[in-house]
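Trainee: Produce the complete structure using the sequences and hints provided.
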Amino acid sequence: MTFIHKTAVLALASIMAANSQKTHDKKPVGDSVRPVAAAGSNAAAEDISGMYTFLQEGEFVQINLEKGGVSGYVSKMGTLESDKGAFLDMFFTKAAVTGHDVSFTTRPVHGIWYEFKGRFDRGNAKTKADDGYYVVRGTLTEFSMDAAKQNTLSHSRAVEFKSLAQPDDDQ
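Just so you know, we're using my numbering here: the sequence shown kicks off at 11 and counts up by one.
For the record, the hints were derived by calculation from the structure and aren't laboratory data.
Mixed in with the good hints, there may be bad ones.
Unchecked claim - Pairs of lysine to any residue residues, derived as SDA-like cross-links and limited to a Cα-Cα distance of at most 25 angstroms, are as follows: (1) Lys127 with Lys172; (2) Lys138 with Ala55; (3) Lys136 with Glu170; (4) Lys94 with Leu163; (5) Lys104 with Leu163; (6) Lys104 with Gly79; (7) Lys77 with Lys127; (8) Lys77 with Gln160; (9) Lys104 with Asp57; (10) Lys136 with Lys104; (11) Lys104 with Gln160.
Stated by the list, open to error - FRET-style restraints, in silico, Cβ to Cβ: (12) Gly148 with Lys94: 24 to 30 angstroms; (13) Thr103 with Ala157: 23 to 29 angstroms; (14) Pro118 with Val169: 17 to 23 angstroms; (15) Asp57 with Gly121: 31 to 37 angstroms; (16) Asp99 with Lys127: 19 to 25 angstroms; (17) Ala135 with Thr162: 36 to 42 angstroms.
Here the structure is a predicted model, which means the values were calculated and not measured.
In this text, a Cβ means the ideal position worked out from N, Cα and C, and glycines have one as well.
Mentor: What follows is the structure, encoded as structure tokens:
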């Protein structure tokens, strides 16, 4: 990923995270980002909030740990004839981060949705200002409806998502 591309993606994520915080106390409307899992006694081992790589360059997963629970979404390029070249945001319908365990299920968009189950660990990066400070590894299952919309198809694979660099809090 080029420096300019990373900067643009990071700026977009910062704006979206700021807007998410502003709307957090308001009554949710439609597809607004809001925690989908209530916080319980099983808290995350660390605050892993941030953007992570996804399947293709330019695609990402946003995970937000908040007082009210976990929210986030997958942003990926469309692959169907009707959405090819467009980014699709697939918001979490269920999500949890307990200890080092991470799981989420996205809302279907154009008949496709994802389910992830795995764990996060520290990566090789020395600070959160570097890519790969956290690494989330696990199994990602892609679900889709067949052309007749009568059968659900699924495909699972092992994945690794690396955290993208976050600006220092001092900046």
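Trainee: Decide if the proposed pair is consistent with the structure: Lys138 and Ala55, CA atoms, cutoff 25 angstroms inclusive.
Mentor: Answer holds: Lys138 to Ala55 is near 16 angstroms, not above 25 angstroms.
Trainee: Taken at face value, is the distance from the CA of Leu163 to the CA of Lys94 at most 25 angstroms?
Mentor: The given pair, whose Cα atoms are some 20 angstroms apart, holds under the 25 angstroms limit.
Trainee: Between Lys136 and Glu170, does the CA-CA distance stay at or below 25 angstroms?
Mentor: Holds, at about 19 angstroms.
Trainee: Hinted pair, alpha-carbon criterion (25 angstroms max): Lys77, Gln160. Please report holds or violated.
Mentor: Status violated; Cα separation ~39 angstroms.
Trainee: Do the Cβ positions of Gly148 and Lys94 conform to the proposed distance bound of 24 to 30 angstroms?
Mentor: Holds, at about 28 angstroms.
Trainee: Are the Cα atoms of Lys104 and Gly79 separated by 25 angstroms or less?
Mentor: Roughly 10 angstroms between the alpha carbons, so the hint for Lys104 and Gly79 holds.
Trainee: Would the pair Lys127 and Lys172 pass a check requiring their Cα atoms to be no farther apart than 25 angstroms?
Mentor: Judged against 25 angstroms, a Cα distance of about 15 angstroms means the pair holds.
Trainee: Assess, step by step, whether the Cα of Lys77 is no farther than 25 angstroms from the Cα of Lys127, and give holds or violated.
Mentor: Given that 25 angstroms is the threshold and the Cα spacing comes to 22 angstroms, the pair holds.
Trainee: Taking the CB of Asp99 and the CB of Lys127, does the distance hold inside 19 to 25 angstroms?
Mentor: This hint holds: roughly 21 angstroms between Cβ atoms.
Trainee: Is the Cα-Cα distance between Lys136 and Lys104 25 angstroms or less?
Mentor: violated, 31 angstroms
Trainee: Would you mind confirming whether the straight-line C-alpha gap from Lys104 to Asp57 stays at or under 25 angstroms?
Mentor: Status holds; Cα separation ~18 angstroms.
Trainee: Compare the distance between the alpha carbons of Lys104 and Leu163 with 25 angstroms, and conclude whether the hinted pair is satisfied.
Mentor: Distance of about 20 angstroms is within 25 angstroms: holds.
Going through the hint list in order, the structure does not satisfy hints 8 and 10.
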